[in-house]
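We have chain A; now place chain B onto it with these hints.
Residues per chain, in single letters:
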Amino acid sequence: MLSQRHLALILIAPGLILVAALFLYPLGFSLISAFTKDGSFTLEWFAKAFELYSTDIVFTVVIVVTSCALTALAAIVIAGTLTLGENRYIVGTLKALYRWPLFIPFIVAAQCMRTFLAKNGLMNNSFVSLGLMEPLQAVSYLDWRGIIATFVWKQTPFVALLLAGALASIDRATLEAGRNLGASRPRVLFELALPQVMPTLLVALVLSFVTMLSVLSVPMMVSGSQPTMLTVDMAFRINAYGDYATANALGVITYVISAGAAILYLKRGMSQEASR
Amino acid sequence: MPTDLNSAPRGGASIAVRDLHVAYGSTRVLHGVSIDFTPGSFTALLGSSGCGKTTLLRSLSGFVPVESGSIIVGGQDVAPLPPEKRGMAMVFQSYALWPHMSVLQNIGYGLKLRGVPKVQIAAKVAVLLSMLGLSGYEERKVTALSGGQRQRVALGRALAIDPGILLLDEPLSNLDAKIRMVMRHEIRAIQQRLGLTAVHVTHDREEAMTMADRLVIMQAGRIAQIGTPEQVYDRPATAFVANFMGAENILPLRVARSEAGASLSTGDATATVAAEPAQAYPGGVYRYRVEAAGRQITVDDADRHELGTTIGLRIPLQRLHIFPASEAGIAA
Numbered sequence: 011m012l013s014q015r016h017l018a019l020i021l022i023a024p025g026l027i028l029v030a031a032l033f034l035y036p037l038g039f040s041l042i043s044a045f046t047k048d049g050s051f052t053l054e055w056f057a058k059a060f061e062l063y064s065t066d067i068v069f070t071v072v073i074v075v076t077s078c079a080l081t082a083l084a085a086i087v088i089a090g091t092l093t094l095g096e097n098r099y100i101v102g103t104l105k106a107l108y109r110w111p112l113f114i115p116f117i118v119a120a121q122c123m124r125t126f127l128a129k130n131g132l133m134n135n136s137f138v139s140l141g142l143m144e145p146l147q148a149v150s151y152l153d154w155r156g157i158i159a160t161f162v163w164k165q166t167p168f169v170a171l172l173l174a175g176a177l178a179s180i181d182r183a184t185l186e187a188g189r190n191l192g193a194s195r196p197r198v199l200f201e202l203a204l205p206q207v208m209p210t211l212l213v214a215l216v217l218s219f220v221t222m223l224s225v226l227s228v229p230m231m232v233s234g235s236q237p238t239m240l241t242v243d244m245a246f247r248i249n250a251y252g253d254y255a256t257a258n259a260l261g262v263i264t265y266v267i268s269a270g271a272a273i274l275y276l277k278r279g280m281s282q283e284a285s286r
Numbered sequence: 049m050p051t052d053l054n055s056a057p058r059g060g061a062s063i064a065v066r067d068l069h070v071a072y073g074s075t076r077v078l079h080g081v082s083i084d085f086t087p088g089s090f091t092a093l094l095g096s097s098g099c100g101k102t103t104l105l106r107s108l109s110g111f112v113p114v115e116s117g118s119i120i121v122g123g124q125d126v127a128p129l130p131p132e133k134r135g136m137a138m139v140f141q142s143y144a145l146w147p148h149m150s151v152l153q154n155i156g157y158g159l160k161l162r163g164v165p166k167v168q169i170a171a172k173v174a175v176l177l178s179m180l181g182l183s184g185y186e187e188r189k190v191t192a193l194s195g196g197q198r199q200r201v202a203l204g205r206a207l208a209i210d211p212g213i214l215l216l217d218e219p220l221s222n223l224d225a226k227i228r229m230v231m232r233h234e235i236r237a238i239q240q241r242l243g244l245t246a247v248h249v250t251h252d253r254e255e256a257m258t259m260a261d262r263l264v265i266m267q268a269g270r271i272a273q274i275g276t277p278e279q280v281y282d283r284p285a286t287a288f289v290a291n292f293m294g295a296e297n298i299l300p301l302r303v304a305r306s307e308a309g310a311s312l313s314t315g316d317a318t319a320t321v322a323a324e325p326a327q328a329y330p331g332g333v334y335r336y337r338v339e340a341a342g343r344q345i346t347v348d349d350a351d352r353h354e355l356g357t358t359i360g361l362r363i364p365l366q367r368l369h370i371f372p373a374s375e376a377g378i379a380a
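Chains A and B are the protein sequences, given in the same order.
Convert by adding 10 to the 1-based position in the first sequence; the result is the number in the working numbering.
Convert by adding 48 to the 1-based position in the second sequence; the result is the number in the working numbering.
Hints in this document: simulated from the structure, not taken from any laboratory.
Among the hints, a few may not be true.
[What the hints assert, rightly or not] The following label-pair restraints were derived from C-beta to C-beta distances:
id : chain 1 : residue 1 : chain 2 : residue 2 : range
1  : A       : Tyr99     : B       : Gln344    : 49 to 57 Å
2  : A       : Trp110    : B       : Asp125    : 37 to 45 Å
3  : B       : Arg270    : A       : Ile100    : 30 to 38 Å
[To be verified] Some but not every residue of chain A turned toward chain B, in silico, with C-beta under 10 Å:
id : residue
4  : Lys129
5  : Asn190
6  : Ser194
7  : Pro205
Backbone N, C-alpha and C fix where the C-beta goes; we use that ideal spot for every residue, glycine too.
Only chain B is shown next, with the shape it has when bound in the complex:
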């Protein structure tokens, strides 16, 4: 029985990842990732499929062997340790509850492993269940629960061992939209209350921005940008980050520097709301596909326009991000 798990302090632990290299066979997935997670912080790892965000999380938890580099938790390098010796609790996308056990047995399993007496396990599970809004569910079969309830039980199971670090592997992806919204706030509130260090993997930008105090945008096995949601959204470091954060229109511009500042110019073009299907109503505003200078531009506007009409376009300055043409992938 690893004693270091029992003595884990209530509240978060710090993680320092240094020059982490991970490969699956001959395919290198992480190319020297270095990042610090401060105690009590909520960090979201964000990126498109195959960017290495899940691999980073799984190497933290010990399910992916590390090729080189270190993962320092509380002054100790845990990179060579097996998963069961790391004391990090993980919540899985598929809930990963044990179907042959009741809710009580699922949540209490980590405590049973630590030799906690049955009475104490039952008491602790009751406290967790009331925190999760599932009081009295102890004897239910987990197969009889809804998706949201299952993920709550999975969260309770992770929290039962008083982990210093909570790893969340796309825990909300299998839930429907409404439950997902509720769970976002619940997870965030519990993390704040217990002061846990949380690392959350997601491909949902909005989820990352609403839950985390810090975003880590990953691209092809490297970190593209680290910052608060505001920093990353308002000042993306690269064209990739800007694109990932929702800047979907790319326009070629000419930048002329002068002493007074810089002026931007683009060629003359006529903007036309494209022929169908160019209009959609996602809610609140209309979304149009506009054609200008042979490019397709996505534009949101509160007014309804007829298809095929000529319109004027204006880019709000705070929504404009400028990158070198080579980076944005434009032949200027």
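Same shape as in the complex, but just chain A:
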């Protein structure tokens, strides 16, 4: 007769095996590969990664942090308008439109940005035909700015979706009390509503941070030149040199960066619990 415990283990076994085979095994393998050479421990691959790609590490962190900040700002504006907006047409239109980028893959978004932000792209052409800019002044935005624009465009709906949901679930009377005492709507949003949904905003931003770190298509397509993001470097190490060890070292560095974001989030959550 099987005990409850064994039965439970058997029930979750398929999922567990899947996670082990597709996630834990490759993770362990890449960790080992990053730290060993011919079976013995070495930091050679990390030395190489830092020597060749330290600029790209900084570049990646700056891009992702900036994108997260801008995403947060845009999402707050959208979710705030959805929650506190009084013009039915603006709220209705925004509600219908803001989720669309969620359904568009990164690679398609990147392609759209290429045609939009290029030197002779849609944006510059529009400015020129509106008479806002001389054709000679047109510059290409297909560099770090293009990557940030794509990330923000793609991740804002996700963060706004979670944020709007959280804002909708707080007691509306707490917002009305603020307006009743004389607070304008922006003050109500930033001083009364947002502090109540901070945990949700942080979760959404940490998830966005990790997603942006792992995207290959956008930096590859939008900005082909140096410096670039770590995902592109990893692909290059593998495709051009078959150099799995350095690629894995770069992967470990990416893990550390995203773990940093997660730790920041957890620390804040714990200090909030403690102050309760």
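Relative to chain A, chain B alone:
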């Protein structure tokens, strides 16, 4: 920063509501309500669910857009103004305190908005807290307070800005019975002391009668009766008001007018204390369900009667209200 809030006089302001129409989408909720609130008065808006009492309060505070009509406060029509420009302070049923702020920050927020220096805010909050019996609670988290304490903080937050008008949206409904009794008197005492014009929404008749100097009974988006608690209770204007004020038994009567006066008669019937469950003891008196002429009548009596016995009924004249049969919903 709206300066008109700072110059609001200590003491109540008057409100004149004229022909107020309010609708949610295509559903009309208020059908031309006109009412005056004199400075320093305590008015209770009373009615069953969906009668429009909360909508009237929320249109006063600016959270419900007004379709037509005016709300005149101190000579100015505030109906087109957003809530933050109206200078009325509201206390909410759910307390609506900000969980991320301390008691001091909650009560002081309205003053912070008005640019009052921190030292003055702290001094004012200390005065309010001592008035509310919460001295020394400044640094407490509002999430650590009991329901009664929270509602006191909410009241303090509303009073901190020296409003001329205090709007109370069922502020006692979430409190337990004993705290509710205490808070009734506290709110009333503070309102009297500061001379505020208070508008109180409730569905609790007893609460309205003990707190307010004037009752406004609302029915289906219209005002059914305005008067002092005594007037409304002793002389209800309509069968609806009588029923709402607790007259629960409806009996068909025949009224014959003569020169000497009028005589009332009802048919012969035998009154029997109904078989169970017909008896209850709400306290002080027994409450019976009595059957007479095919009707169920609720009767309070100090004596204990056996179920199923035949009894005599007498209606005290001052408790009798007579309305046309059509109004009372009786096929006479």
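Hint check:
no., hint, verdict
1, Tyr99/A x Gln344/B: 49 to 57 Å, "holds, 54 Å"
2, Trp110/A x Asp125/B: 37 to 45 Å, "holds, 43 Å"
3, Arg270/B x Ile100/A: 30 to 38 Å, "holds, 35 Å"
4, Lys129, "violated, 46 Å"
5, Asn190, "holds, 5 Å"
6, Ser194, "holds, 6 Å"
7, Pro205, "holds, 4 Å"
Violated hint for the displayed structure: number 4, the only one.
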